[in-house]
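Chain by chain, the residues run as shown.
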Amino acid sequence: MNKDILVIGGGIAGIQSSLDLAEMGYKVYMVERLPSIGGKMAQLDKTFPTNDCAI
Amino acid sequence: MLDVGRHPNIELMAYSQVERVEGQSGDFSVTVRRKARYVEEDKCTGCGACAEKCPTKVSDTFNEGLGTRRAIYSYFAQGIPSTHTIDPEYCRQLNGKKCGVCKKTCQADAINFDQEDRVVELQVGAIIAATGYEVFDPSCIPEYQYKEIANVVTAVEFERLLSASGPTGGHLDRPADLAIEAEIEALEKKAQKSQRVLDKFEKKYGEASPKFYEKYQKDEFEDDEDLKKWADKYDAHMGIAGPLDSLKKKAEGFGVAKRLAFIQCVGSRDFRFYPFCSSYCCMHSIKEAIIAQEHESETTSTIFGMDIRAVGKGFEEYKIRGGNQSGITYVRGRVAEITQGPDDNPVVWYEDTCQRRVRNQEFDMVILATACAPSNGIKELAQVLGIEINEFGFLKTDPSQPLDTTRAGIFTCGCAYGPMDIPESIVQASGAAARAAQILSDFQMRKAS
Ligand SMILES: Cc1cc2nc3c(=O)[nH]c(=O)nc-3n(C[C@H](O)[C@H](O)[C@H](O)COP(=O)(O)OP(=O)(O)OC[C@H]3O[C@@H](n4cnc5c(N)ncnc54)[C@H](O)[C@@H]3O)c2cc1C
Ligand code: SF4
Numbered sequence: 065m066n067k068d069i070l071v072i073g074g075g076i077a078g079i080q081s082s083l084d085l086a087e088m089g090y091k092v093y094m095v096e097r098l099p100s101i102g103g104k105m106a107q108l109d110k111t112f113p114t115n116d117c118a119i
Numbered sequence: 002m003l004d005v006g007r008h009p010n011i012e013l014m015a016y017s018q019v020e021r022v023e024g025q026s027g028d029f030s031v032t033v034r035r036k037a038r039y040v041e042e043d044k045c046t047g048c049g050a051c052a053e054k055c056p057t058k059v060s061d062t063f064n065e066g067l068g069t070r071r072a073i074y075s076y077f078a079q080g081i082p083s084t085h086t087i088d089p090e091y092c093r094q095l096n097g098k099k100c101g102v103c104k105k106t107c108q109a110d111a112i113n114f115d116q117e118d119r120v121v122e123l124q125v126g127a128i129i130a131a132t133g134y135e136v137f138d139p140s141c142i143p144e145y146q147y148k149e150i151a152n153v154v155t156a157v158e159f160e161r162l163l164s165a166s167g168p169t170g171g172h173l174d175r176p177a178d179l180a181i182e183a184e185i186e187a188l189e190k191k192a193q194k195s196q197r198v199l200d201k202f203e204k205k206y207g208e209a210s211p212k213f214y215e216k217y218q219k220d221e222f223e224d225d226e227d228l229k230k231w232a233d234k235y236d237a238h239m240g241i242a243g244p245l246d247s248l249k250k251k252a253e254g255f256g257v258a259k260r261l262a263f264i265q266c267v268g269s270r271d272f273r274f275y276p277f278c279s280s281y282c283c284m285h286s287i288k289e290a291i292i293a294q295e296h297e298s299e300t301t302s303t304i305f306g307m308d309i310r311a312v313g314k315g316f317e318e319y320k321i322r323g324g325n326q327s328g329i330t331y332v333r334g335r336v337a338e339i340t341q342g343p344d345d346n347p348v349v350w351y352e353d354t355c356q357r358r359v360r361n362q363e364f365d366m367v368i369l370a371t372a373c374a375p376s377n378g379i380k381e382l383a384q385v386l387g388i389e390i391n392e393f394g395f396l397k398t399d400p401s402q403p404l405d406t407t408r409a410g411i412f413t414c415g416c417a418y419g420p421m422d423i424p425e426s427i428v429q430a431s432g433a434a435a436r437a438a439q440i441l442s443d444f445q446m447r448k449a450s
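Quick mapping for you: the protein sequence lines, in order, are chains A and B. For the first sequence, position 16 (counting from the first letter as 1) is numbered 80 according to our numbering, and the numbering increases by one without interruption. For the second sequence, position 390 (counting from the first letter as 1) is numbered 391 according to our numbering, and the numbering increases by one without interruption.
One or more of the hints may lead you astray.
[Unchecked claim] In silico DSS-like links for lysine-lysine, alpha-carbon gap of 30 Å or less: (1) A:K104 with B:K58; (2) B:K259 with A:K67; (3) A:K104 with B:K259; (4) B:K44 with A:K91; (5) B:K380 with A:K104; (6) B:K190 with B:K54.
Hints in this document: simulated from the structure, not taken from any laboratory.
Working from the sequences, and respecting the hints, build out all of it.
In structure tokens, the structure reads:
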């Protein structure tokens, strides 16, 4: 049994999963195919319904 | 995002892909290819001096092709990691030409043209596939003429135009106008270059080019190679100056887009493409219309949709506020066609189903609320992971265990599962994390041994 976890995709979903697991004490490998993480959310100006900045 | 880069328990492997997965829940071995960036990750400070000097311009995918970046680039300004990457398709040096400007510029000595892909092996107990979605490409809908009419854009392109860090610094400059401005810039460069040549002739013969040309046309000179060259150069120069002048006149009339049309369900709820509702696009059209009006108070927007699906806490209020305070008109009807009107203005043809009339209206810009499509490469990844995809192309899960894929120990969340907004993606992400933690908990492990 191995307790490390692989997260594929560094969009908001992958980021949240990784942070949750890392905070629980698990070691996480995050694999993202683009040069930086952030996914589509990084391209958004602001987000509904609060119109907060996306990044 | 920053927290991921900093967390001691997270090892970030960007610019990488999963190539092989073997084993079973609790005990997977995984092969990851870390693609060569041609930049040493541990040396690059992300200062960007290289990108300033790189002579090769490339269309900027982060800005949806609305601007350019260099062949050496950081994906976006605040990107994590901030390590720069050389695009092997466009880099001069990597394509056998003489360059290496970035290497000469880099003070950290991080550029390494000989870098190769690295393959690493990982041992993990669980996997979460959070590979998201792709924005549907509307160019396959002929009646909307995306790509044919420059001022018809997708909602993501519009996000980039609204963004202060985007290609227009947050001004709603229209793509057709931007293209003309780029043409003016290119022609001006050409004109300057040919003016310099003319200057030399003028200095040599002590006469202004137009005067000389007039005489030349009247055959006042003997056959002379040099003078013929001057005349040809002047001819070519006028060939540039004429169009440049008329483009400049046209550009004087350019302003920011103030009359906006948003077209809903582009590729969604359409049996030719995706039958499902993409769930977030009604809301992002309202958001984009509200922000556009915050940038420019005279902006008005018309949102064309079969219905506006504002499903979520506070969403209906957001929709109503958009109508009351942000200049949004909602029209119930599906747009039949977009045509090119005068001054690069798109004209929207639609049936107003409340009035039972076919109408048309001219706008400065049209924004297509495109569907949430399965992410590129999801089929290949599913094959590597040994999991199934559903009839729409998203990862298949069981309704009673919605975050479990068809293989034990592999979970999914966010738009890899299906269309959903950011808050829902976050909820699912925490759910998938909990599922993974659960199967790897000491209690489960004791049970298994
Ligand atoms: C124009 C527009 C505006 C929007 N505005 C809002 C808004 O205001 N508020 C809101 O709540 N939602 C909004 N959304 C929806 C929002 O974008 C999504 O809910 C959210 O981005 C989903 O996150 P995700 O992590 O699931 O997917 P993504 O953001 O797509 O992230 C997936 C990541 O996985 C990576 N990846 C993909 N395949 C692989 C692979 N094989 N290997 C490794 N990595 C891979 C991708 O590169 C990407 O980084 C908007 C959507 C659009 C189109
Ligand atoms: S959210 Fe709105 S625009 Fe998007 S598919 Fe559903 S109804 Fe159409």
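So, going through the hints one by one against the coordinates:
A C-alpha spacing of about 23 Å is found between K104 of chain A and K58 of chain B, which places the hinted pair at or below 30 Å, so the restraint holds. Taken as a hint, the K259 of chain B and K67 of chain A pair is broken in the structure, with Cα atoms around 55 Å apart against an allowance of 30 Å. This hinted pair checks out: K104 of chain A and K259 of chain B have alpha carbons roughly 26 Å apart, not beyond 30 Å. With a C-alpha separation of about 24 Å, the suggested pairing of K44 of chain B with K91 of chain A holds against the 30 Å cut-off.
This hinted pair checks out: K380 of chain B and K104 of chain A have alpha carbons roughly 20 Å apart, not beyond 30 Å. Simply put, K190 of chain B and K54 of chain B have alpha-carbon atoms about 19 Å apart, close enough for the 30 Å limit, and the pair holds.
Taken one by one, the earlier hints fail for this structure only at number 2.
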